[in-house]
Amino acid sequence: MPDPPEPSSVYADDPAIADDAVLLRVVHPKWVEWEPEPRLKSEAFQDYPGARLVEVGVPAVAMSVALLDDVLSHGQPAEAALKRFGSDYGIASLTAGQVRACEQGILRWPTDQEPWHAMVFSLQGPKRSRRHRKLLAERAELIRLPARTA
Amino acid sequence: MSDLLVRPSDESESAAALSRQSVFFVPPVPSSAVSFAEPINPSWLPAALRELSSFAELRPNWDGYQAAPVGLSAIATAARVLRGLPPSLRRPTLTPTAEGGISLQWQRGGHDFSLEVTESRPAVVYAQSGDRWWEGPLDEAPGFVVDAFKAAAFA
Chain A
1 MPDPPEPSSV YADDPAIADD AVLLRVVHPK WVEWEPEPRL KSEAFQDYPG
51 ARLVEVGVPA VAMSVALLDD VLSHGQPAEA ALKRFGSDYG IASLTAGQVR
101 ACEQGILRWP TDQEPWHAMV FSLQGPKRSR RHRKLLAERA ELIRLPARTA
Chain B
1001 MSDLLVRPSD ESESAAALSR QSVFFVPPVP SSAVSFAEPI NPSWLPAALR
1051 ELSSFAELRP NWDGYQAAPV GLSAIATAAR VLRGLPPSLR RPTLTPTAEG
1101 GISLQWQRGG HDFSLEVTES RPAVVYAQSG DRWWEGPLDE APGFVVDAFK
1151 AAAFA
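As they're listed, the protein sequences go chains A and B. Counting from 1, one number per residue, gives the positions in the first sequence under our numbering. Counting from 1001, one number per residue, gives the positions in the second sequence under our numbering.
Chain B on its own, in the form it takes in the complex (with noise of 0.2 Å):
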């Protein structure tokens, strides 16, 4: 799962260092792969880009709650998630939070699986299946977690 999931931005990926044009860049497809290969990205990839770009205009406050803005290096560290994603994921729910980071999250049935990023810390999972449920830094996921991340996200 760890390998999967990217780590929040290090320091040589500082958020000044970002620019929005290139956390949001899709590489193309080469048009020699078009006709014999599976496609690389998702096709909800663009939109789910677009939706992450436009978080990045939430002010302080945006929630009346006092809300945090989602930061840049979330952004970032999102939109690689997104980018490693296999086509045949389902598209996730995406969701500013309170302090700054998004929340990725897959549901279907009595699955639920999400991964919320933030700058300031290391990312948190959720998974549930059934009645059997986990939550807490990525590094210490135990096994179940990878099975209620396919259950509830793959198609």
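With the rest of the complex left out, here is chain A (with noise of 0.2 Å):
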């Protein structure tokens, strides 16, 4: 199989998403480590796997956010984002201008069941590094932890 494009060639910032927007990433109970204190791992912002693109509809790798604007405007919760995932699964926000201070790039990606589907691609490289992973979950805000698994 061959390996897919570089995000940066298929997809583009979209300048119409402000820094200030806010991103939610839902957060999988693995993600997290909870002694001393929960926080997040870098883990909780990986790409979708390069070789299952074709299964997740989308050209190049990527990691899925909802705009917390456009859930809002659709008149749901924030909670809302969680809703293909389940209760035992957490929440963390970001915004946007802190994905781009770590050389990320933002765009719309709606779907029939996720309006406010967005995207989030690495502006360098084939992936989104550990490096840039490590930033973003520093970064990041536990609004809504997971279920703490054993």
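The set of hints was computed from the structure by calculation and includes no laboratory data. On a predicted model such as this, the values are computed, not experimentally measured, just so you know. Please note: incorrect hints may appear among the correct ones.
Said to hold, decoys possible - Derived lysine to any residue pairs resembling SDA-like cross-links, with alpha carbons at most 25 Å apart: (1) K83/A / S73/A; (2) K83/A / P1069/B; (3) K83/A / Q1107/B; (4) K1150/B / S73/A; (5) K83/A / W1062/B.
Both chains are given apart, each in its own frame, so use the hints to dock them into the complex.
In structure tokens form, the structure reads like this:
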């Protein structure tokens, strides 16, 4: 299977998404380090696996987020971002400016089920580096904790 | 560093040949050595191996974002790494990755070291000490990575 294209060759950052726009990232329980205090792991900000892009329906690697303003404009609460994930998941928030400061771009990618859906993609290289994932994890705020697993 | 950390399985140890029981076997300490020798394995090893075992239960799309299941070969590699660690090392944080690999991470103060093992490519290292950081294949790791590992991982 050929490597997917570099995301920056396929996606373009949308300047209409203001730097103070809030992005919501759904957090799997395994992406939180619980001791000594809950903190996000860098794995919470991984791209989709390159081998699964057809199933995801996107042309290059990226990670999904929800635009809070779009969630609210559809008359939904922030927790609507969890609709297809279930109550065990948590939510982390970042601003678009924080994401862009980590060499990432953002574009809207609405779906029928999630009209607030957007994607964050790396502006450098074939996928988001661990370095940038770590920076995103350090800057994000866990606004809803996932269920704590054993 | 590369002597300490084991490469992914070669063909003589394919995933099909590995049973879960053999992957997680922890050799017993000889009774004659109990009174006089330092512990061979870290005290956290059994719990860490149980955690690795739980990763084998993850199904495709386990994260809701199309994550691949964690490969048995990746689990075996991570288990071998853990069993090779000295008892003075702190327990790493273990995390399954979206590509079906496993991340082993130590972090303390401004020092961060992680090793990601997968079935499909060589191990990748991320190391940070303060403002200095490096990320890439284990074989290409520069010297400061060892210092970052020691600062992050040893008790």
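Quick rundown of the hints versus the structure:
Proximity of K83/A to S73/A is assessed by CA-CA distance (about 16 Å); at most 25 Å being required, the pair is judged to hold. Among the hinted pairs, K83/A with P1069/B is consistent with the structure: their alpha-carbon atoms are about 23 Å apart, no more than 25 Å. Pair hint K83/A plus Q1107/B does not hold up; C-alpha atoms about 33 Å apart against a cutoff of 25 Å. In summary, the hint linking K1150/B to S73/A is not supported, as the alpha carbons are separated by about 50 Å, beyond the 25 Å threshold.
At roughly 16 Å between alpha-carbon atoms, K83/A and W1062/B fall within 25 Å of each other, so this suggested pair holds.
In summary, the structure is inconsistent with hints 3 and 4 from the numbered list given earlier, while agreeing with the others.
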